[in-house]
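**Student:** Residue numbers (this note's numbering), protein chains in the order written: chain A, 1 to 298; chain B, 299 to 604.
A few of these clues could be false.
Stated by the list, open to error - 30 angstroms max Cα-Cα, derived DSSO-like pairs, lysine-lysine:
(1) B:Lys499 - B:Lys519
(2) B:Lys509 - B:Lys519
(3) A:Lys28 - A:Lys186
(4) B:Lys499 - A:Lys28
(5) B:Lys499 - B:Lys509
(6) B:Lys509 - A:Lys30
To be verified - So, partial list: chain A residues that the calculated Cβ filter (under 8 angstroms) puts toward chain B:
(7) Ile113
(8) Leu116
(9) Tyr124
(10) Phe142
(11) Ile149
Everything labelled a hint here was simulated from the structure, so no lab data went into it.
Even for Gly, the Cβ is constructed at its ideal location relative to N, Cα and C.
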Amino acid sequence: MDTTTSTLVANAVAPAAVRTPVAEFWRKFKRQHVAMVAGGFVVALLLLAVFAPWLVPFDAENFFDYDALNAAPSARHWFGVDSLGRDIFSRILMGSRVSLAAGLLSVMVGAAIGTLLGLLAGYYEGWWDRIVMRLSDVLFAFPGILLAIGIVAILGNGMVNVIVAVAVFSVPAFARLVRGNVLSLKHQTYIEAVRSIGAPDSVIMLRHLLPGTISSVVVYLTMRIGTSIITAAGLSFLGLGAQPPTPEWGAMLNAARADMFNAPHVALFPSLAIFVTVLAFNLLGDGLRDALDPKLEN
Amino acid sequence: MAVYLFKRLLGLLPTLLIVAMLVFGFVHLLPGDPARLAAGVDADAETVELVRRDLGLDRPLPQQFVRFFGHALQGDFGRSIRTKRPVSAEIADRFGPTLGLTVAAMAWSVALGLVLGIVSAVWRNRWPDRVGMTLAVSGISFPSFALGMVLMQIFSVQLGWLPTVGADSWRHYILPSLTLGAAVAAVMARFTRSSFIDTLKEDYVRTARAKGLGEPVVVIKHGLRNALIPVVTMMGLQFGYLLGGSILVEVVFNWPGMGRLLVDAVEMRDYPVIQALVLLFSLEFIVINLVVDLLYAVINPTIRFK
Chain A
1 MDTTTSTLVA
11 NAVAPAAVRT
21 PVAEFWRKFK
31 RQHVAMVAGG
41 FVVALLLLAV
51 FAPWLVPFDA
61 ENFFDYDALN
71 AAPSARHWFG
81 VDSLGRDIFS
91 RILMGSRVSL
101 AAGLLSVMVG
111 AAIGTLLGLL
121 AGYYEGWWDR
131 IVMRLSDVLF
141 AFPGILLAIG
151 IVAILGNGMV
161 NVIVAVAVFS
171 VPAFARLVRG
181 NVLSLKHQTY
191 IEAVRSIGAP
201 DSVIMLRHLL
211 PGTISSVVVY
221 LTMRIGTSII
231 TAAGLSFLGL
241 GAQPPTPEWG
251 AMLNAARADM
261 FNAPHVALFP
271 SLAIFVTVLA
281 FNLLGDGLRD
291 ALDPKLEN
Chain B
299 MAVYLFKRLL
309 GLLPTLLIVA
319 MLVFGFVHLL
329 PGDPARLAAG
339 VDADAETVEL
349 VRRDLGLDRP
359 LPQQFVRFFG
369 HALQGDFGRS
379 IRTKRPVSAE
389 IADRFGPTLG
399 LTVAAMAWSV
409 ALGLVLGIVS
419 AVWRNRWPDR
429 VGMTLAVSGI
439 SFPSFALGMV
449 LMQIFSVQLG
459 WLPTVGADSW
469 RHYILPSLTL
479 GAAVAAVMAR
489 FTRSSFIDTL
499 KEDYVRTARA
509 KGLGEPVVVI
519 KHGLRNALIP
529 VVTMMGLQFG
539 YLLGGSILVE
549 VVFNWPGMGR
559 LLVDAVEMRD
569 YPVIQALVLL
579 FSLEFIVINL
589 VVDLLYAVIN
599 PTIRFK
């Protein structure tokens, strides 16, 4: 008994054994090899998207190779040429900017608004909570893509409106998640302690409740990015998002439908681009969940 | 059970009312004058006024809402701007193909998802699990419209085994239902696996093993029943997803269903049709969620008596 206690104390004092939450997370995340690779891939993708304008071999919108319409992949055009003579590789690279920006921005806006609403609803409860939850119920009463289509129909076509639409339909999920976390956290002793020394509500919410819920928000956010990229690309595929000649993966697929019989590669590469990108985000999200969720400890 | 059902139905009313108000408000949120939209681009001022009176758009908003709601309850959503036919007739034509597609997709994807999930859980962290979960994560990452185009390219264009577009025979259902169900099968597999792993850790499973039961009996008789409870909920939610997902798949395969109708209506700004379809889709979604909750209450009595 005595020996165990002293070992514990020694361990707690020894600097090597001090585990911050970040170090603890990193220790677990490092073991998720697939997620590590996916994370590296996501970083590479983001870099590619940022530097795309300097990396593309051809102008994605204004270069037309009229001698190679619908040409198959070659050394000159890595992913082939589309029906207007544009280089598909260049368009995919430039398109990554639009698709990634749409996926990331919409989730982040939705998560920020949802988290704030959830914090307030869970902390104050009462009529404010009822309003927020009722609105969430209403938004949940529409299948996601339908809500997005409805919003775009009101706001008009275009990528900015698609981002707004996807953000709106992400809000209720985050609001519910954070509200649930806050409801269970706020009765814990440390919150009671903060309250008893007279901290204002805003400090309790932002400094003490928010950190407790942020890990599940981050996990959910990562898992939602894939869905958002798919939804945004889907809206462009329906002709509601990016308009030609903007290179956007969903819009490229829509344009490729006309050439399915004589140029299959025109549809293949945008499909693969969406698939690989969404797969990377999903694998990263799975890894984050496994590393951050205490329930999954074996 | 009857009390629970009544409570749930009563709880639905505010949601339904707000949804109906949103759908009603939809036309008024749109840029432009709804009467001019209904009358057509080249109608003169007199015709627009006539249409306005005819549609009741000159009355106060609350009165208009009551009128809209009353008509909607009787299935009357006015006439389509594009075809001039009653909206209800337009939708009636399209309901069957969408329902057929959704049910076909649901049937195969739930069956496959359950099998994949159970196999992955039983052989956890071994190769069947790895194969199953790789398939599953790929399934949720491949967007339906891209998958549909790839499948059509392989099986219809290159191999010529299956028809490309339309809904005339059972062979037309194969590719669209595969496309629509892929993501659902993937979600079901992942969900069944985690539910099953949790169940296999329970004390009663250990007891069953300890008393010498064979592994198949433990898995099927003791594990499956209990693991399926959360899976049922997930299944219902996925049905709602299928309703939305059918919109994109119907466009890819030129399917004569409600999703295709909605996209055409949005393109042509055919507002009465959009209104009716959005209301119908969300009504279906709400009803499915209710059925799921009821089913859940049947399986799990603790919810009923809360």
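**Student:** Name the hints, by number, that the structure is in violation of.
**Tutor:** When the structure is compared with the hints, numbers 6, 7, 8, 9 turn out to be violated.
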